[in-house]
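Asks: Sequence:
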Amino acid sequence: MSHDVIVAFLFTLFAGLATGIGSLLAFFAKTTNTKFLSFALGFSAGVMIYVSMIEIFVKAQDSLVAELGKEGGQWLTVSSFFAGMLLIALIDRFVPSKSNPHELKKVEDMKTNGLDSKNPELLKMGVFTALAIGIHNFPEGIATFISAIEDPALGFAIAVAIAIHNIPEGIAVSVPIYFATNDKKRAFKFSFLSGLAEPIGAIVAFLILMPFLSDIMFGIIFASVAGIMVFISLDELLPAAKKYDEAHVSIYGLISGMALMALSLLLL
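Count along the sequence shown from 1, add 308, and you get the number used in the working numbering.
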């Protein structure tokens, strides 16, 4: 196994296991720092949108145009971009709305609503949320892995952005399970396991996609990755960031994420 493949796996593992960080934050925080979450989610969206449209989409198009010519390459790039959006939209469509993993669960809400006693319905919500996050994280793992294989610096940036948005997802899993069972270990386990879908996605990409990774396949996957990340940003991250926004904190996070990504690409 090459050094690049190992690095790509480590980036994907790092991104996925960030759900555990969210779980730990939920245990030790009496209240949810919504200002921080709003900025962090906006920052993550800024990184994803900028790197998708400025770097990933362009690389995909260059690769496909070089192989198929200008017209064919451009059409396939755009088609693959929207196919990525369609894929993640279908995943969202089949995830139960009650267990939406991007609906932020506040620690204090669980307490004030009297949900800190054993509650089977709350436990069920937490388990379904863990399953929903696992389903969402699978294509994100493929995206991080393939990006890191092509360009480790780019893969690292994507891994950091995904890790940031996985932190509140970890909270979304652990808070309802913890307040339903009073069992921190159980809540952490479900949160931790939901994040493992990302490295599993990387393993699938390595075993199934890598043997066929020609320039054309790379271009298709990269354009699809761009579509997936733009959809996640617009449909999930920014609405969640705006929900608990204070004094335009989320837009400052968005601009900061874009600026940092732009600076990183220029320097690297």
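Be aware that one or more of the hints could be misleading.
Below, in silico cross-link-like pairs of lysine-lysine (DSSO-like), each with a Cα-Cα straight-line distance of 30 angstroms or less [as the list claims (entries may be wrong)]:
| # | residue 1 | residue 2 |
| --- | --- | --- |
| 1 | K378 | K367 |
| 2 | K492 | K378 |
| 3 | K551 | K492 |
| 4 | K367 | K497 |
| 5 | K432 | K367 |
| 6 | K343 | K378 |
| 7 | K497 | K432 |
| 8 | K432 | K493 |
| 9 | K550 | K378 |
| 10 | K551 | K432 |
| 11 | K378 | K432 |
| 12 | K551 | K343 |
| 13 | K493 | K343 |
| 14 | K343 | K550 |
These aren't lab readings, by the way, just hints derived from the structure by calculation.
Asks: Hint by hint, note whether the structure agrees.
Replies: A quick look at each hint next to the structure:
1. K378 with K367: holds, 14 angstroms
2. K492 with K378: Since the Cα atoms of K492 and K378 sit roughly 56 angstroms apart, the hinted pair is violated (cutoff 30 angstroms).
3. K551 with K492: holds, 27 angstroms
4. K367 with K497: Not OK: K367 and K497 at ~38 angstroms, beyond 30 angstroms, violated.
5. K432 with K367: With a Cα-Cα distance of about 43 angstroms, the restraint between K432 and K367 is violated, given a limit of 30 angstroms.
6. K343 with K378: Not satisfied, since the Cα-Cα distance of roughly 46 angstroms exceeds 30 angstroms.
7. K497 with K432: holds, 15 angstroms
8. K432 with K493: holds, 17 angstroms
9. K550 with K378: violated, 39 angstroms
10. K551 with K432: holds, 24 angstroms
11. K378 with K432: Violated - the C-alpha atoms of K432 and K378 are around 51 angstroms apart, more than 30 angstroms.
12. K551 with K343: Roughly 10 angstroms separates the two Cα atoms, so the pair holds.
13. K493 with K343: holds, 27 angstroms
14. K343 with K550: It holds: about 10 angstroms lies between the C-alpha atoms, which stays within 30 angstroms.
Taken one by one, the earlier hints fail for this structure at numbers 2, 4, 5, 6, 9, 11, listed in ascending order.
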